[in-house]
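With these hints in hand, go ahead and build the complete structure from the sequences.
Letter by letter, the chains look like this.
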Amino acid sequence: MRRALVLAACVASILVAPAGAWAHAVLLRTVPAASRLVNTPPRSIALVYSEAVEPRFAVVSVTDAAGRQQASGPPQRSAVDVDELDVPLRPLREGWYLVFWRAISADGHPVRGAFTFAVGPNPGPAPAFVIPSLSETAATPTLVAARFASFLGLLAAIGLFAFRLAITRPLRGPPRALSVAFWLALGVALVAVPVYVLLATAQFALRHAWALGALVPLLRTSAFGRGYLDLELLLLLFAVAAAVALWLERPRRAQRSVAELLALGGAVLAGSAALLAPGAAGHAAQTSPRALALSLDWLHLAAGSVWLGGLVGLLVLAWSLPASQRLAGLAVCVPRFSNMALVSVVALLGSGVGAAVLHLPTLATLWETSYGQTIIVKASLLLAAIVLASVNLLRARPALAGADPSPHAAVLLWRLAGGEVLLVAGAVCAAAVLSSLPPPPKALAGLGSASATVGPGPVTSVVDEHGYRLELRVSPNRVAVPNDFAVRITRRGTAVRGARVTATLTMLDMEMPEQSYALAESSPGLYRRASPALVMVGHWGLSFEIAPPGVAPFTVLLVDRAAG
Amino acid sequence: MLTAAGCGGSGGSPTIAVQPARQFRLDTIGLRPAGHGVFTFSFRIVQPNGRPLTKFLTGAGPHTGVHVIYVRRDLAELVHHHPRVAADGSVDDRVVFPAPGPYRVVVDVYPQQVTPQPNFQLFTWVNVRGRYRPKPLPAGALTHVVAGYRFTLHGRPRLRAVEPGLLSFTVTGPGGSAARFTTWYGALAHAIFFRAGSLDYFHTHVCAPRATGCTSVLAGAKVTGSSSKPGELRVGVLVPVPGTWRLFLQCRVDGRVLTAPFTLRVR
Numbered sequence: 001m002r003r004a005l006v007l008a009a010c011v012a013s014i015l016v017a018p019a020g021a022w023a024h025a026v027l028l029r030t031v032p033a034a035s036r037l038v039n040t041p042p043r044s045i046a047l048v049y050s051e052a053v054e055p056r057f058a059v060v061s062v063t064d065a066a067g068r069q070q071a072s073g074p075p076q077r078s079a080v081d082v083d084e085l086d087v088p089l090r091p092l093r094e095g096w097y098l099v100f101w102r103a104i105s106a107d108g109h110p111v112r113g114a115f116t117f118a119v120g121p122n123p124g125p126a127p128a129f130v131i132p133s134l135s136e137t138a139a140t141p142t143l144v145a146a147r148f149a150s151f152l153g154l155l156a157a158i159g160l161f162a163f164r165l166a167i168t169r170p171l172r173g174p175p176r177a178l179s180v181a182f183w184l185a186l187g188v189a190l191v192a193v194p195v196y197v198l199l200a201t202a203q204f205a206l207r208h209a210w211a212l213g214a215l216v217p218l219l220r221t222s223a224f225g226r227g228y229l230d231l232e233l234l235l236l237l238f239a240v241a242a243a244v245a246l247w248l249e250r251p252r253r254a255q256r257s258v259a260e261l262l263a264l265g266g267a268v269l270a271g272s273a274a275l276l277a278p279g280a281a282g283h284a285a286q287t288s289p290r291a292l293a294l295s296l297d298w299l300h301l302a303a304g305s306v307w308l309g310g311l312v313g314l315l316v317l318a319w320s321l322p323a324s325q326r327l328a329g330l331a332v333c334v335p336r337f338s339n340m341a342l343v344s345v346v347a348l349l350g351s352g353v354g355a356a357v358l359h360l361p362t363l364a365t366l367w368e369t370s371y372g373q374t375i376i377v378k379a380s381l382l383l384a385a386i387v388l389a390s391v392n393l394l395r396a397r398p399a400l401a402g403a404d405p406s407p408h409a410a411v412l413l414w415r416l417a418g419g420e421v422l423l424v425a426g427a428v429c430a431a432a433v434l435s436s437l438p439p440p441p442k443a444l445a446g447l448g449s450a451s452a453t454v455g456p457g458p459v460t461s462v463v464d465e466h467g468y469r470l471e472l473r474v475s476p477n478r479v480a481v482p483n484d485f486a487v488r489i490t491r492r493g494t495a496v497r498g499a500r501v502t503a504t505l506t507m508l509d510m511e512m513p514e515q516s517y518a519l520a521e522s523s524p525g526l527y528r529r530a531s532p533a534l535v536m537v538g539h540w541g542l543s544f545e546i547a548p549p550g551v552a553p554f555t556v557l558l559v560d561r562a563a564g
Numbered sequence: 565m566l567t568a569a570g571c572g573g574s575g576g577s578p579t580i581a582v583q584p585a586r587q588f589r590l591d592t593i594g595l596r597p598a599g600h601g602v603f604t605f606s607f608r609i610v611q612p613n614g615r616p617l618t619k620f621l622t623g624a625g626p627h628t629g630v631h632v633i634y635v636r637r638d639l640a641e642l643v644h645h646h647p648r649v650a651a652d653g654s655v656d657d658r659v660v661f662p663a664p665g666p667y668r669v670v671v672d673v674y675p676q677q678v679t680p681q682p683n684f685q686l687f688t689w690v691n692v693r694g695r696y697r698p699k700p701l702p703a704g705a706l707t708h709v710v711a712g713y714r715f716t717l718h719g720r721p722r723l724r725a726v727e728p729g730l731l732s733f734t735v736t737g738p739g740g741s742a743a744r745f746t747t748w749y750g751a752l753a754h755a756i757f758f759r760a761g762s763l764d765y766f767h768t769h770v771c772a773p774r775a776t777g778c779t780s781v782l783a784g785a786k787v788t789g790s791s792s793k794p795g796e797l798r799v800g801v802l803v804p805v806p807g808t809w810r811l812f813l814q815c816r817v818d819g820r821v822l823t824a825p826f827t828l829r830v831r
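Protein chains in written order, with the working numbering: chain A, 1 to 564; chain B, 565 to 831.
In short, the hints are calculated from the structure, not lab data.
Keep in mind that a hint or two might mislead.
[Said to hold, decoys possible] Between beta-carbon pairs, the in silico distance windows are: (1) Ala624(B) / Val130(A): 54 to 60 Å; (2) Val31(A) / Thr747(B): 42 to 48 Å; (3) Gln677(B) / Gly73(A): 34 to 40 Å; (4) His645(B) / Ser516(A): 43 to 49 Å; (5) Arg68(A) / Lys793(B): 50 to 56 Å; (6) Arg68(A) / His718(B): 43 to 49 Å; (7) Ala520(A) / Arg720(B): 41 to 47 Å; (8) Val31(A) / Pro702(B): 39 to 45 Å; (9) Tyr696(B) / Val31(A): 45 to 51 Å; (10) Gly538(A) / Arg720(B): 33 to 39 Å; (11) His645(B) / Val31(A): 39 to 45 Å; (12) Tyr696(B) / Ala495(A): 54 to 60 Å.
Ideal Cβ positions, reconstructed from N, Cα and C, are used throughout, including at glycine.
Here is the structure:
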């Protein structure tokens, strides 16, 4: 009990803590610098990130043009800077080298990138390195299944507990089957959560799930792993408090005893804290404003839990009550549950819409990104469930509440509630997928409308803007090699000299800081700069700010796909 | 592809397998005899995308097109050409070798697209039939007389690897007058360096003051040679590795191309 209160206080402190600046670890700086030529072969590579990434989850490969590995050991955290990973190297010969890195962010999502450097003085021409294609995601079928089982068990267990204690009390001794269903759901959650943490850690650490000796020390190293292990502890606490509450319960008494109320309060606190854990270990904790995002996530899970657990409870009740008591029992419980379900559905919809608004930077990302599409699927399933719930409310409830309830009403209720459970479980599955996908980056909201969508491959795009003709070029538009960014500006056929041209690059597929480069005028009207700016395969917003002499600056945006 | 090595164990860390990169390469069938001791060395430069390189730097100065240098393994013989490149990127270089033996071929390329250095080299070997009698490398004399012209290296240069240095030469004609250099392959003089044994390569040029397109950029350092008065050559040097290096100093005087070899120690 006291522990539950302490936990609740801790949970409250998480709510008011400031939000993190970035959702993902970002590579800020490297030594040697990307695409740079160094004369002295480096003995190690240093990668400086925006947060302290765990070296045991990081993989850094340094290969020569022939693909031979040059790293002589695993990445180590720098003794000087916690955000820095150091990778020891074999003695390097003259030539070009590809560094491919992959790390795990605090929120559990893998991030990766690549860059090249050359050992001189005469490294030869830059080769066309093949960047390893890692279609690595936290949304693998196994991980989604484990997540689904965890969510389903968690929601059903807490909802069944609420149903058992709040809705079925007038029955003066609910059927044992209800308690069995509760313990079963809780058991599923208690098993699924650690299995999920183990599977996810195995994937992040690129190890087999049975390599327990290697994995167990890693379980608490990521913020994500810690979050889910905390969920497991909270669930255990909830199990203890629920067992005490159920043991002390005396349904035949008119009023609950003080001991029963205390145990119940402890269970409610532990259950509430458990519902906060998935959000605290996931996207909600990385989305600003954090307190609002976490509150919405908690409300969403609590409402879903009441609805799902209550529906399962009704089905168990209808199935387990003796035929003689069935209609009478349902006639008592269904109206009580419908009121609670109505409130929870409204809360579910409200918090879901609020979270979608927080996570989606633009309306278009709702149908353009897999994250948005999963939200559509999840919302459709929930809406279908709400349709069934309305039929239940309008048809089955009055039929059961009438003076002479007919057995047909019970059958109708059984079918409709069964359909609802399946649909809500489908929505929980969609939620398991959704929470495995990275939300669309906020960078999308900051960008205006694109003049053109270009790439992969060399880019030549002609844009007429503000009376100027701009010929924009990106060559070769490949990742991890120096790319030539060039703008030729003409006005009525004559070159425009003395303009200020700035190119700003924004990664669109994940959160990364912007990079800006001033382009120098290399010949009249031609502004260019070579830069290794495209450090990752994916979509980039290339924004060119053009300031002709004496004219207000204007911006042209290209959405570019850079290939490896 | 991502592979998890170290499965089931706790020791080995996971690694990533990376495919070999696609690189520039020399597409050649080697030497073909063209009669009367003349050979044709035919090649194309193939880009990483598989297409032949057809666009090269043009303009004043020596940093244009393709340079081909044939050097015998013992560094006793050297042939230096700037052949014409056909529109399809193929080169047929007609070459007469001074003596038989194994020659390392250096194709020094100045592509239009910066890669990101202005030039790069591709290498191959050809064998010129006949009895190969390797000669030992001569000692580091500071004066050489070639066809009556006297090449003198001034001071005892202390060269270090990867550090820019400068070598001062004077060239005098048979009568003792200062030699008058005329532009040959875009420069007043070419300084071609090969390291004994490994045949590492470095090449720089000497141009008239204020000449454009003559500065070599290597490892972020700019290496320029200059000749401000007749008979005087200042050669910028930046060699990559220590060892014994052979410098072939080439210039055109009175319509003749002269090659003066020097042996240098680089720490």
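Can you let me know if the beta-carbon spacing of Arg68(A) and Lys793(B) is within 50 to 56 Å? holds (51 Å)
Quick check: does the Cβ-Cβ distance between Val31(A) and Thr747(B) fall within 42 to 48 Å? holds (43 Å)
Could you see if the CB distance from Gly538(A) to Arg720(B) stays within 33 to 39 Å? violated (57 Å)
So the hint says 41 to 47 Å: do the beta-carbon atoms of Ala520(A) and Arg720(B) match that? Between Ala520(A) and Arg720(B), where Cβ atoms are some 42 Å apart, the hint holds.
Looking only at beta-carbon atoms, does the pair Val31(A), Pro702(B) fall within the given range of 39 to 45 Å? Holds, at about 44 Å.
Taking 54 to 60 Å as the hint, is the beta-carbon distance of Ala624(B) and Val130(A) inside that range? Once the Cβ atoms are compared, 39 Å apart, the range 54 to 60 Å for Val130(A) and Ala624(B) is violated.
Given the hint of 39 to 45 Å, check if His645(B) and Val31(A) actually sit that far apart at their C-beta atoms. holds (42 Å)
Kindly confirm whether 45 to 51 Å is satisfied by the beta carbon distance between Tyr696(B) and Val31(A). For Val31(A) against Tyr696(B), whose Cβ atoms are near 47 Å apart, the range 45 to 51 Å holds.
Taking the CB of Gln677(B) and the CB of Gly73(A), does the distance hold inside 34 to 40 Å? holds (37 Å)
Assessment of proposed distance window 54 to 60 Å (beta carbons of Tyr696(B), Ala495(A)): Taking Cβ atoms as reference, Tyr696(B) and Ala495(A) lie about 58 Å apart, which means the hint holds.
Outcome for the supplied range 43 to 49 Å, where the beta carbon pair is His645(B) and Ser516(A): holds (46 Å)
Note whether the CB distance of Arg68(A) and His718(B) lies within 43 to 49 Å or breaks it. 45 Å Cβ-Cβ, so the 43 to 49 Å window holds.
Violation of the numbered hints given earlier is confined to hints 1, 10; the remaining hints are satisfied by the structure.
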